[in-house]
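*Asks:* Chains W and U, in that order, give the protein sequences. First residue of the first sequence? That's 54 in our numbering, and the numbers climb one at a time after it. First residue of the second sequence? That's 214 in our numbering, and the numbers climb one at a time after it.
If you're looking for bench data, these hints aren't it; they were derived computationally from the structure. Possibly wrong hints are sitting among the right ones.
[Said to hold, decoys possible] Lysine-lysine pairs mimicking DSS-like chemistry, simulated, CA-CA at most 30 Å apart:
#1 Lys-176(W) / Lys-288(W)
#2 Lys-428(W) / Lys-136(W)
#3 Lys-80(W) / Lys-422(U)
#4 Lys-115(W) / Lys-392(W)
#5 Lys-391(W) / Lys-485(W)
#6 Lys-307(U) / Lys-59(W)
#7 Lys-450(U) / Lys-56(W)
#8 Lys-307(U) / Lys-86(W)
#9 Lys-260(U) / Lys-86(W)
#10 Lys-450(U) / Lys-80(W)
#11 Lys-320(W) / Lys-136(W)
#12 Lys-275(W) / Lys-261(W)
#13 Lys-505(W) / Lys-485(W)
#14 Lys-288(W) / Lys-374(W)
#15 Lys-86(W) / Lys-450(U)
#16 Lys-508(W) / Lys-450(U)
#17 Lys-59(W) / Lys-422(U)
#18 Lys-450(U) / Lys-509(W)
#19 Lys-275(W) / Lys-115(W)
#20 Lys-422(U) / Lys-56(W)
#21 Lys-136(W) / Lys-391(W)
#22 Lys-482(W) / Lys-392(W)
#23 Lys-437(W) / Lys-384(W)
#24 Lys-505(W) / Lys-450(U)
#25 Lys-136(W) / Lys-328(W)
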Amino acid sequence: MDKRRKRIVAGLAVFMAFMWLCTLVSKSIYASKLPMVSTTRTESKYIEHIVEAEGIVEAGAKLPVTALSGLRVKELAVHAGDKVEEGDLLFTVDLDDMEQIMEEQELAAAKVRLEIDAIAHNKELAQSRREREEARAREDYDALSRYQDTLVGRAAEGVVQAEEALEELQAQNREHEGDWEKENGESKTEEEMEAERQAREQEEERLKQELQAAAYAEADAKWNRDNTIKDAGRKVEDILQEDNADAALAVYRTELAAIQEKLASYKAIQEQEGKIASPMSGMVTDVYVQTGGRVPDTASFLLADSEVPCQFRVPLTKEQKSYVNLNDDVKLQLDGSKKMDATVDYIEENENMPGSYTALLRLPEETGMPGLSGKMTCSKVGDKYPVCVSPMALHTENDRNFVYVVNEREGILGTEYYVEEITVSVVDKNDKLIAIEGAVNDESRIIESSTKEIKKGDVVRLSDG
Amino acid sequence: MPGIRKNMCDMIKKYMAAGALLVPAVLICFPVFLILTGSVMDGLEMKAYLAPVFGDGEGYIRWKVMPDYPTFEHYGRLLFMTPSFFVLFWNSVKLVLCILAGQLLVGVPAAWAFAAYSVRGSRALFALYVVLMLLPFQVTMLSSYLVLDRLTLMNTHAAIILPAVFSTLPIFLSYGGFRAIPPQLFEAARIDGAGELRIFLTMGIPLGKSGILSAIVLGFLEYWNLMEQPLAFLEEKALWPLSLYLPEISWLQAGFALCASFVTLIPAAFVFVLGQDYLEQGIVYSGLKE
């Protein structure tokens, strides 16, 4: 072989060696760029729902602590969470400010007193005036009664006289009827007899009319008497009638009593040098006063009622709520204590946050204290599903759920694994497993994790061989 | 003076002939030049030049001797980031080496037998060989397919190697080399007591190496650029030779394709340059009369 051919052969050998080296380098670069994925097979399992939620212990009942409203708080001695005994100092009020309030109250009390005095005096005057008017009315009543009785008596007498005159005339007429003889003994003529008869009838008629008039007069007198007496009686009644109800005096007196009571309370606080003490024992759960602020007319503090067991309040999401029901048995672990059994006593939807819920669990007596945190665990075994995967294997994009599945294909580099995207629907899930439905079965190799971001069609390398 | 004038005329004729031949030579070499420049051309620049091909189809493509934005990005990508190219490259190397080795083992002794021994019917058999050599692949594809399928060799490299090993072309070319050796040499050797194998190994092969090597060079060039057989008999891409890699590249990556073409060309160029002399002799042998 001549020299030229040797150089050509050497060149070809170098080229082949270079290609071999490039093969190694390109394969190593290719392999280093391949995402390494770990896969898993689908499993048929029960989906157990474990709801774990953290909450806080609250007082079972709260007792309000009130103080005289309007006082300015000089210094707070307790805070929420503090435990206080009966007589312990809660806060101190500003005495200077309170003295000013007391002066205002005393001034108000003086004004009320003056009002009360004026009203009382006016009432006395009105009473004496009414007594006098009553006496006069009674006197008028008596006088009118007597006078009217007299008038009635007179009318009755007129009636009696008219009756007697009529009876007397009628008697005379009966005596002289048929008496034809005159006083001088002469006999009367028919005409005379007729004239006498007519005269007697006329006289009788006149007397009857007088009698009737007298009877009428008597009736009128009686009616007049009754009316006059009734009016006089009414006047007396009117005078005797009570005046309109007037509560002003009572109001002023009540107001005065309240002011005096306040003043007494102020004085008591003043004697205590402005210190407000707790009237009971318990833990302070809520504080509604602040330094420099005024004491409200509602409760200043709320203390946990030590006689009522505490309760555990735990917020739940809508999803958690679907697995936690009323009267469910749950496990509860408060900080620093062992797990205990508890029951869900109450569930309510939060008004301010629709879609979120709060569960309450009553704690055994002498268990927990307000403010203590803890964790509630509720476990529920659901249905058995044929295809379950790890939550890591499920991907979501635009409300579409899918899993990546490894498939094999023959390529230039030989058998290679590529990623296939399969849309699935989630049937049920918990923190560890997700039950899915779709074009996957127990033979599918579902990608759980990848060293790099992968997408449909990507070639990958299996970490599990 | 007439002698000087004649020399001048000869020189002018010579230059004119050279000039006339240079034009077709440049045109023939143009594809290689296009591959070389295109393999180092930036993608955007090439897209602009080839816009009539990939665009609306109007106008003519343009080309530049020296790219405005030369880059070796395609070479870097091909050589260091495309392992599939090397899979096919080594497939080609494997196929070519196996085929050539097989042909050496089968074809050279066969050619020696045709050339050295006058057996009855050997000429007819050789004529049949020549006829088989003339048959294009498309004619024998179905029968080859049936045989390979029966032998369960489909989709294996053996489906390419075995038919090629028994190809008649290397026999034909080697036969010419062996026929050029004077038969008296073999007779003398036999008289001196040399056996047939020794005559073949010590006399036949060295004296007929031009034919053998030309068969190897031609065989290499043919099987390095193998197209139809792999397409027909190889289903898995992992078994394909390099010649099928280029059609796999989208023409939107023309620069990369030209780069791959250039690298593919290199081994063939080495072999061609190495065996150029033998190739010429082989062609001469193939034209010798019986």
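*Asks:* Run every hint past the structure and note whether it holds.
*Replies:* Status of each hint after checking the structure:
1. Lys-176(W) / Lys-288(W): holds (21 Å)
2. Lys-428(W) / Lys-136(W): It holds: about 24 Å lies between the C-alpha atoms, which stays within 30 Å.
3. Lys-80(W) / Lys-422(U): Not satisfied, since the Cα-Cα distance of roughly 40 Å exceeds 30 Å.
4. Lys-115(W) / Lys-392(W): Cα-Cα ~26 Å, so holds.
5. Lys-391(W) / Lys-485(W): holds (25 Å)
6. Lys-307(U) / Lys-59(W): Holds. Lys-307(U) to Lys-59(W) sits at ~23 Å (cutoff 30 Å).
7. Lys-450(U) / Lys-56(W): violated (40 Å)
8. Lys-307(U) / Lys-86(W): holds (28 Å)
9. Lys-260(U) / Lys-86(W): holds (29 Å)
10. Lys-450(U) / Lys-80(W): holds (17 Å)
11. Lys-320(W) / Lys-136(W): holds (28 Å)
12. Lys-275(W) / Lys-261(W): holds (21 Å)
13. Lys-505(W) / Lys-485(W): holds (23 Å)
14. Lys-288(W) / Lys-374(W): violated (80 Å)
15. Lys-86(W) / Lys-450(U): holds (22 Å)
16. Lys-508(W) / Lys-450(U): holds (24 Å)
17. Lys-59(W) / Lys-422(U): holds (17 Å)
18. Lys-450(U) / Lys-509(W): holds (22 Å)
19. Lys-275(W) / Lys-115(W): Not OK: Lys-275(W) and Lys-115(W) at ~80 Å, beyond 30 Å, violated.
20. Lys-422(U) / Lys-56(W): holds (19 Å)
21. Lys-136(W) / Lys-391(W): Roughly 24 Å separates the two Cα atoms, so the pair holds.
22. Lys-482(W) / Lys-392(W): holds (26 Å)
23. Lys-437(W) / Lys-384(W): holds (24 Å)
24. Lys-505(W) / Lys-450(U): holds (27 Å)
25. Lys-136(W) / Lys-328(W): holds (18 Å)
Against the hints set out earlier in the document, violations occur for numbers 3, 7, 14 and 19.
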